[in-house]
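*Asks:* If you want the building blocks of each chain, they are given just below.
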Amino acid sequence: MASIKQTVSAPIVAQAKDETANGPGLSRRAWIDIIQGFQSWRVWWLLGIGDIRQRYRRSRLGQFWITLSVAIFIAAIGTVYSALFKQPIEKYIPYLATTYITWTLISGIIIDSTSAFIQAEGFLRQQALPKSTFILRILVRNFVSFGHNIVVLPVIFLIFGVSPAWTWFAALGGLVLIAVVGFLGGLVCAILCTRFRDLPQIIQNFVQVAFFVSPVAWQVDLLDESVRHWVIINPFAAFLQMVSEPLLGRLPGAITYTSAAATIGVSALIAWVLFRRFRQRIVYWL
Amino acid sequence: MTSITLRNVGVDFPIYNARGRSLKANVLRRVGGHIDSHDGEIVTVEALRDINLELRSGDRLGLVGHNGAGKSTLLRVLAGAYEPSRGVAQINGTVSSLLDMTMGMDPELTGRENITLRGIFLGMTFQEIAELTPAVEEFTELGGFLELPMRTYSTGMTLRLAFAVSTAVQPDILLLDEMISVGDANFADKAESRMEQVMENSSILVLASHDPAMLKRYCNKAVLMNGGQIVAAGSLGDILEQHSGTESVA
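Which chain is which? The protein sequence lines are W and V, in order. When we follow full-length UniProt numbering, the leftmost residue of the first sequence carries the number 1, and every step to the right adds one. When we follow full-length UniProt numbering, the leftmost residue of the second sequence carries the number 1, and every step to the right adds one.
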């Protein structure tokens, strides 16, 4: 018989918000939750991979349906829209491919995080698991999915003659920033959606609208110069461009990074305030 | 040092009806004003109230009480899943709650993959799981079925697998909601001796049960719960007597 070597080594101290416990207690436990969440990587890794496997189990193509469906979308929409926007197809399809794949990652994280805790009810009501684990699981699920999607890029780049560039490394940085904002924003989304069950529907709607108002299918250059700067206030645009522009050999401007940093800062603040205050209530809302 | 300390622990469940849980109700409550005040209030159920409990190494506690007395909620507080709404709960030691043994198991995965998944939730590393797997496989007697998806298993086979993994690690604190019995006669004997071994080696045991014989066999003290409160604590004999007393009154 093995003895348990727990990955979570600190004793479980659950203290309610009353006279004996004040602010620092709550902060400390919220912080411990996040640290233990990252330490329990085995849990979120296996759950995240399992989500992908489960979705495509028993299908012949398996998870490569992800790749196939994104390839079909890009081919179809790319052909139609390049005619519609009167863009040369060899420029438009690589653009659409990079933005759409990045968009799928961002929107996937948002939509999946609405059910992060609700889906984990069985676990959370049973065992003292860090809540943040289940946000990280959503990130794993969506980044694995992204890994399957990105397979179409080399093919498209070969067909349309987009050459490799050093700026590709900047795209990696962009992905890291998406992971950071995804964790923070996902946490906010997950907490609020567990408490208010109408929110998942609202957020799904919002994400659909965001697709059309963000430069995924259309290019910023097509806008009149007088309205172009409005794109900057859309945080989705900033995170999209941080990945898609470097892939096409261009570096996004400083304003893009500033906008992304501001978004991360704001979501970190909201996430911390909500998580600190309501972390222990989440399980009661399930 | 393994210990459990609960001081004035209370657990409240907010019950949001369809309106209370929706954003609409919250928004309307602010701007409306014409909504009946009853709709604005959140109903809370007090599942536990003023629970004081002190358990040390060697304690075998029986939880006695009617359905809805708060036994399962208390077990979930002890497991660390519910952080109390009021009071302080301090639990030192590794906890194994066999409240739901199949937690985290996935019917689409094979038996062997499920051993890994369940093991991870028990806090093991991949290395430790790999070392433990042969023993678990042998214990389940499932043989070739371990290569098949768990959805092909019968209920009994699933429980065998869950039981074998769940009891493969030795916790400091063991929480049980009713004594577990799995499998057919042969396996049940094997499972019982395994269960008893885990119970014996754990330094604190908390067993909620309606079966006096089971409680007498495994526990050395007990608390009687009613309406979310501990109404009596003491030796097992006294508590069982009090419990049967309330039963005849009811």
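Bear in mind the hints are in silico, worked out from the structure with no lab data behind them. Errors might be hidden in some of the hints.
[Claimed, not checked] Okay, the calculated bits of chain W under chain V, using three or more residues with CB under 8 Å as the criterion:
{"hint": "1", "region": "44–55"}
{"hint": "2", "region": "118–128"}
[Said to hold, decoys possible] Pair by pair, the computed Cβ-Cβ distance ranges are:
{"hint": "3", "chain 1": "V", "residue 1": "141", "chain 2": "W", "residue 2": "158", "range": "47 to 57 Å"}
{"hint": "4", "chain 1": "V", "residue 1": "141", "chain 2": "W", "residue 2": "269", "range": "48 to 58 Å"}
{"hint": "5", "chain 1": "V", "residue 1": "8", "chain 2": "W", "residue 2": "211", "range": "49 to 59 Å"}
{"hint": "6", "chain 1": "V", "residue 1": "8", "chain 2": "W", "residue 2": "205", "range": "43 to 53 Å"}
{"hint": "7", "chain 1": "W", "residue 1": "75", "chain 2": "V", "residue 2": "46", "range": "38 to 48 Å"}
{"hint": "8", "chain 1": "V", "residue 1": "13", "chain 2": "W", "residue 2": "31", "range": "41 to 51 Å"}
{"hint": "9", "chain 1": "W", "residue 1": "49", "chain 2": "V", "residue 2": "141", "range": "47 to 57 Å"}
{"hint": "10", "chain 1": "V", "residue 1": "151", "chain 2": "W", "residue 2": "286", "range": "21 to 31 Å"}
{"hint": "11", "chain 1": "W", "residue 1": "49", "chain 2": "V", "residue 2": "238", "range": "51 to 61 Å"}
Ideal Cβ placement from N, Cα and C applies to all residues, glycine included.
*Asks:* Is the gap between the beta carbons of residue 141 (chain V) and residue 158 (chain W) within 47 to 57 Å?
*Replies:* 54 Å, holds
*Asks:* Given the range 43 to 53 Å, decide if the beta-carbon distance of residue 8 (chain V) to residue 205 (chain W) lies inside it.
*Replies:* Roughly 45 Å apart at Cβ, these two residues keep to the hinted range, so it holds.
*Asks:* Between residue 49 (chain W) and residue 141 (chain V), does the beta-carbon spacing fit 47 to 57 Å?
*Replies:* 29 Å, violated
*Asks:* For the pair residue 8 (chain V) and residue 211 (chain W), does the Cβ-Cβ distance stay inside 49 to 59 Å?
*Replies:* 51 Å, holds
*Asks:* Taking 8 Å as the Cβ threshold, is the statement that the region 44–55 of chain W is covered by chain V upheld or broken by the three-residue rule?
*Replies:* Our answer is that it holds, as 4 residues pass the Cβ test (under 8 Å) against chain V, meeting three.
*Asks:* The hint says 48 to 58 Å between residue 141 (chain V) and residue 269 (chain W); measuring C-beta to C-beta, is that right?
*Replies:* Distance hint for residue 141 (chain V), residue 269 (chain W) holds at roughly 55 Å.
*Asks:* A range of 21 to 31 Å was offered for this pair. Does it hold for the Cβ distance of residue 151 (chain V) and residue 286 (chain W)?
*Replies:* 25 Å, holds
*Asks:* Taking 38 to 48 Å as the hint, is the beta-carbon distance of residue 75 (chain W) and residue 46 (chain V) inside that range?
*Replies:* 60 Å, violated
*Asks:* Go ahead and decide if the range 51 to 61 Å is satisfied by the Cβ distance of residue 49 (chain W) to residue 238 (chain V).
*Replies:* The hint (51 to 61 Å, Cβ to Cβ) holds, given that residue 49 (chain W) and residue 238 (chain V) are roughly 53 Å apart.
*Asks:* Are there at least three residues in the region 118–128 of chain W whose beta carbon sits under 8 Å from a beta carbon of chain V?
*Replies:* holds (count 7)
*Asks:* Per the hint of 41 to 51 Å, is the separation of the Cβ atoms of residue 13 (chain V) and residue 31 (chain W) within bounds?
*Replies:* 26 Å, violated
Checked against the numbered hints given earlier, the structure breaks hints 7, 8 and 9 and satisfies all the rest.
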